[in-house]
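Residue numbers (numbering that gives the first Met the number 0), protein chains in the order written: chain V, 0 to 160; chain W, 0 to 160.
A few of these clues could be false.
One copy or two, it doesn't matter: identical chains are merged, so the pair holds either way.
[What the hints assert, rightly or not] The calculated lysine to aspartate or glutamate pairs, modelled on EDC-like cross-linking and capped at a C-alpha distance of 20 Å, are:
hint, residue 1, residue 2
1, Lys159, Glu92
2, Lys98, Glu109
3, Lys25, Asp41
4, Lys48, Glu28
5, Lys25, Asp87
6, Lys25, Asp45
7, Lys159, Glu28
8, Lys94, Glu28
9, Lys98, Glu108
10, Lys48, Asp59
In case anyone wonders, no lab produced these hints; they're calculated from the structure.
2 protein chains.
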Amino acid sequence: MNFAKAPLLALATILGAGAVSAQHLKPEEMIIARQAGYRTMDWNMDKIKAQLEAPADKFDKKLVLNAAKVVQAIANSGMGALYAPGTDKAAGEVKTRLKPEFFDPANKEELTKIAMNFGTQANKLAEVAEGGDQKAIQAQFGETGKACKGCHDKFRAKEKH
Amino acid sequence: MNFAKAPLLALATILGAGAVSAQHLKPEEMIIARQAGYRTMDWNMDKIKAQLEAPADKFDKKLVLNAAKVVQAIANSGMGALYAPGTDKAAGEVKTRLKPEFFDPANKEELTKIAMNFGTQANKLAEVAEGGDQKAIQAQFGETGKACKGCHDKFRAKEKH
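From just these sequences and the hints, can you work out the full model?
Shown next, in the form of structure tokens:
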């Protein structure tokens with residue numbers, strides 16, 4: 000096993016897709032695709048947040064469930080395949096916030112844990128959203144946000160580079 | 000009812016979210032969010048396509064199902080809310096391919112039909128992917144692609160403007 004590729008393979012396996020699915024993509028296409036995925040999750044997390052801040056009688060369960068399903072589906076879509084070694088640097092015009100630490104074999108175990116936890120929390124969020132209980136969704140939304148932040152704190156730089 | 004807003008409301012209703020969920024977004028944020036959504040669907044459609052072109056014994060049902068779920072979830076996430084009137088023009092640096100025809104009341108009925116069909120086909124794709132039959136997925140993948148194209152042909156310009 001090539002250690003430099005280990006986190007990629009681990010993530011791809013965890014998140015449910017073979018790394019093969021993105022092999023034909025250029026580094027800039029990988030960066031663009033993964034940023035689109037996070038942005039789409041972000042928009043949907045934002046919708047849930049807005050609902051949680053709304054009065055209980057205005058709480059739109061269906062909207063929250065649909066948004067949670069987007070987060071869940073993307074979390075399970077094998078985004079690990081979009082992290083080819085070297086994509087911690089700008090590819091042409093396309094910049095990234097990914098830190099080189101992402102590809103450090105010493106961080107492999109932590110990265111795997113972070114990625115697995117994100118999948119777990121996103122799945123729970125969709126499950127709880129199915130139930131429709133605003134308080135339960137609030138709590139699980141918090142856990143999901145923490146799971147996102149766990150990766151950001153460790154592997155995302157403040158600025159694109 | 001304000002006719003200029005009618006297609007937006009129709010789409011928002013069809014796609015399962017209130018227009019309210021994007022009211023706080025600026026036009027450029029709407030354009031960025033919707034482009035991210037389409038790009039994420041595109042990456043996942045591309046993964047399904049690659050699997051359909053693979054030999055039957057290499058066909059990865061799980062990968063296909065996970066990709067189909069992303070397309071389905073985004074198709075049901077109320078993207079119509081990201082089409083505020085005026086977002087057929089560039090907002091600052093952020094360009095769009097959306098044609099002004101999208102907001103023409105004369106096209107409302109066709110737009111509604113196109114949007115509803117996209118949701119239907121994406122739901123069917125996920126349903127068929129659940130079954131795992133490569134030929135059935137191939138057929139429904141074609142129908143889903145046609146549903147995407149139906150909107151592109153009518154409402155998407157060749158270049159960003």
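Consistency of the hints with the structure:
no., hint, verdict
1, Lys159 with Glu92, "both (11 Å within a copy, 18 Å between copies)"
2, Lys98 with Glu109, "within (14 Å within a copy, 46 Å between copies)"
3, Lys25 with Asp41, "between (24 Å within a copy, 15 Å between copies)"
4, Lys48 with Glu28, "between (30 Å within a copy, 17 Å between copies)"
5, Lys25 with Asp87, "within (13 Å within a copy, 30 Å between copies)"
6, Lys25 with Asp45, "between (30 Å within a copy, 14 Å between copies)"
7, Lys159 with Glu28, "both (16 Å within a copy, 18 Å between copies)"
8, Lys94 with Glu28, "both (11 Å within a copy, 19 Å between copies)"
9, Lys98 with Glu108, "within (16 Å within a copy, 48 Å between copies)"
10, Lys48 with Asp59, "within (11 Å within a copy, 35 Å between copies)"
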